[in-house]
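So the protein sequences, as listed, match chains B and D. Heads up: the first sequence begins at 1 in our numbering, then just goes up one per residue. Heads up: the second sequence begins at 1001 in our numbering, then just goes up one per residue.
Among the hints, a few may not be true.
List of simulated lysine-lysine pairs, BS3-like, C-alpha gap at most 25 Å [unchecked claim]:
#1 K1088/D - K45/B
#2 K379/B - K74/B
#3 K1198/D - K74/B
#4 K62/B - K1313/D
#5 K45/B - K369/B
#6 K38/B - K1088/D
In short, the hints are calculated from the structure, not lab data.
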Amino acid sequence: MSSESDSIPAAGGSQGMAIAMERAGEGRTLTYDISRGKVLVRLLKNKIFGLLTLGIYRFWGKTYLRQLLWQGLKIGTDRLEYRGTAKELFIGFLIALIILLPLFLLTSFAIELLALLNETVAIFSQLLNFLLLYTLWQFARYRLWRYRLSRTAWRGIRFFLSGRATLYAWNVLIRTIASLVTLGWAYPWLRSYRLQYQLNNTHFGDGRFTYAGQTAGLYKLYWPAILITQLVVAGGLGYLATSDVMTFSTEAITAIGDGKAAMAAEDLGPVYLGGFIIIFALTVFMFVTRVWEFRYMAANTSFMGARFSSSLRLRSVLVIFLFLFLLSLVSMIAFGVVIALVIMWQSALAAILPFIFLLIAWIGIDILKTLFFLVPLVKAICKSTEIDTLAPFEEAAANAEKSPSYGEGFADAMDVGAF
Amino acid sequence: MSVAARLFDGKTAKAQPVLLTLAEDRLYVTAEDGAPVGDWALAELRDENRPPREDELRLSLDHEEGRIVVTDIAFVEQLRHLCPALQKRRSAPKGWWRPYAFWGGGAVLSVVLIFTVVLPLLAGQVARLLPMETREQIGSQATDFIVQSIARRGGTTPEAVTCTNPEAEAVLEKLVSLLQLEGDADETVRNITVVKTKQANAFALPGGQLIIFSGLLDLADHPNGFTGVLAHEIAHVAHNHPTRLFVTNAGVATVFSVLLGDVTGGTFLATLGQMTLGSGYSRDFEREADQSAIERMQAAGLDVSPMADLMQKLGEQPGSESFLSFLDSHPGFEERVATLTAAGDNGSNALSETEWAVLQGFCK
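With these hints in hand, go ahead and build the complete structure from the sequences.
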């Protein structure tokens, strides 16, 4: 059997790879292909076993799912490999439990205590609690990325994220507060910091990624979104303040109190519809800006001389978004119809229906999110992203830097990260 | 007969072209120039592709980083037949359980320590630091909640179930001052609410607040039985138990939200956990209150033995209330009756017959 002709390169190095790529008919450097059926089965298994083991299975389930998702991504001719283990995740969780639990207790006790002793603190205690959680969440996010990258290998070489999670969390916190105070005008500053810190700290083997983007560049992309959001919010508030809707809805709310709920719901209709349209429009607009940002990011990122570029089109992302939206809507309606039929057929079942509803929603949201959002989005990104040469990647050697021994305990305890 | 493949050695990303040869259950790997790279038993080979791919094997040889990628379809098929353990998980290295044991033990220890040592200690400190106004606020909120739920169950208003009876109040106050000890200092009873309901119960709330269910007055045959229960609740107040319980419950809720792996969604389960683990006083608190109640009774020269009778009766009541109940998580009845019996039946009655009649008529 055998045959030199069938198999890959006789000549090593980048030249050989280039030949191999041409032979495989691969025009693009990044491709994503994955069996949705296998992902679906994995998601279902994860949910069922997770439920049966009171959540302990999630470490194994996550690991298997990541193996599938990672292997779907092909750079040149070779696929990514996820090398994390469930054991690392589990022990990471245990460690976080030992550190996080006392930390949590002490800080929330301290805040509660201060709040009880001092009235000014009491007013801000909720805010303080929120800021504490938010900072911890950012910290956990950075650690999560560090763990994931250190367990991602391509051609036997691992990625790595350097930098300090505490520094990152602190800087994000400052910029988030600034964004809130300036009603969004500091937001591009926040985004710019995130991109800059994360990308400049990302390594592949002994090579390092470089992000050359500037905050000013992001302002050019974000100003319409910020301005429109402010106008819409201000307009909405103005409308509510001046029109009859407000009096209607206050009447409606009083009516709910009086037990005339049916009438109230009717009166609140326009308010709900208006709010829905605003949120929907803003979400779409946010997506548009994110697509611009992604292209900007790709154009300003390089790896040891290899340049990235993205031609990600608005349309392709909007199609995914709208399809997901329609699919959610249709499945909710279909689900509602089924439930109505079941109640008509056997009204005794109505008592357990809420539980079934919650269970199916709990599984369904994950499936929708992974199969109809994450996978198509990564596909669209890969399809549109080019790397001008893979040579620097192939030249990379293993890095001696120490990678984290255990998994994303903090992030797991705080429910950071979707998969 | 050899097949070309690519070796990734885990040291550089460059693909090394190698030749694979099969001989006697072993896979021989040689570099292009013929230099041997290594050889492995077929039973040791694993495929790292997840899910497995039709047209490719990504072989790992041991726990190391290296991979051999085989894309020759015929050879892939052959290897699939010859390698028995291709899709099996590699057996864990020796001592794999050690980190589990170490960190698992640590986590268990941490949780146990938090529940048994840290939380009670912190609760004691925090409870002491809380200003009296705050405690009174918490206490009166809890009182309102209890009165309201009793009223709702009876289908009336909170005002209708809250009893006012100046004569009986005077008797009750006399009893309370009889039972206070000099060491009680700040932690004294500040307010007593008597609620009209058939249930027999009494509890202490933060800020020196007591609630007495009028059923308890009906159930008690002897003034000293009721006085004993009152002494028990006064003892809880004197030891600041209600505030400590309140603070502990807040801590328990925090612990559960961390344990369940997420801060947002686990709140429901956290509340559930708090209800099962943190709702009642610990047995230590109850024992302390019992001991102190007997001391208070004896210091006032009162006969303790009627308490035992009342307790038997309370125990026979169908389904005691769940929240902060006088009965929940109390030391076993026999143990308590034994304690009371040991205290002996000597001493006088707490109230005269007339006074007792006035008190019993609190809500009539």
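Tested hints:
1. K1088/D - K45/B: With Cα atoms ~19 Å apart, K1088/D and K45/B stay inside 25 Å; holds.
2. K379/B - K74/B: holds (11 Å)
3. K1198/D - K74/B: Not satisfied, since the Cα-Cα distance of roughly 74 Å exceeds 25 Å.
4. K62/B - K1313/D: violated (56 Å)
5. K45/B - K369/B: Roughly 16 Å between the alpha carbons, so the hint for K45/B and K369/B holds.
6. K38/B - K1088/D: holds (18 Å)
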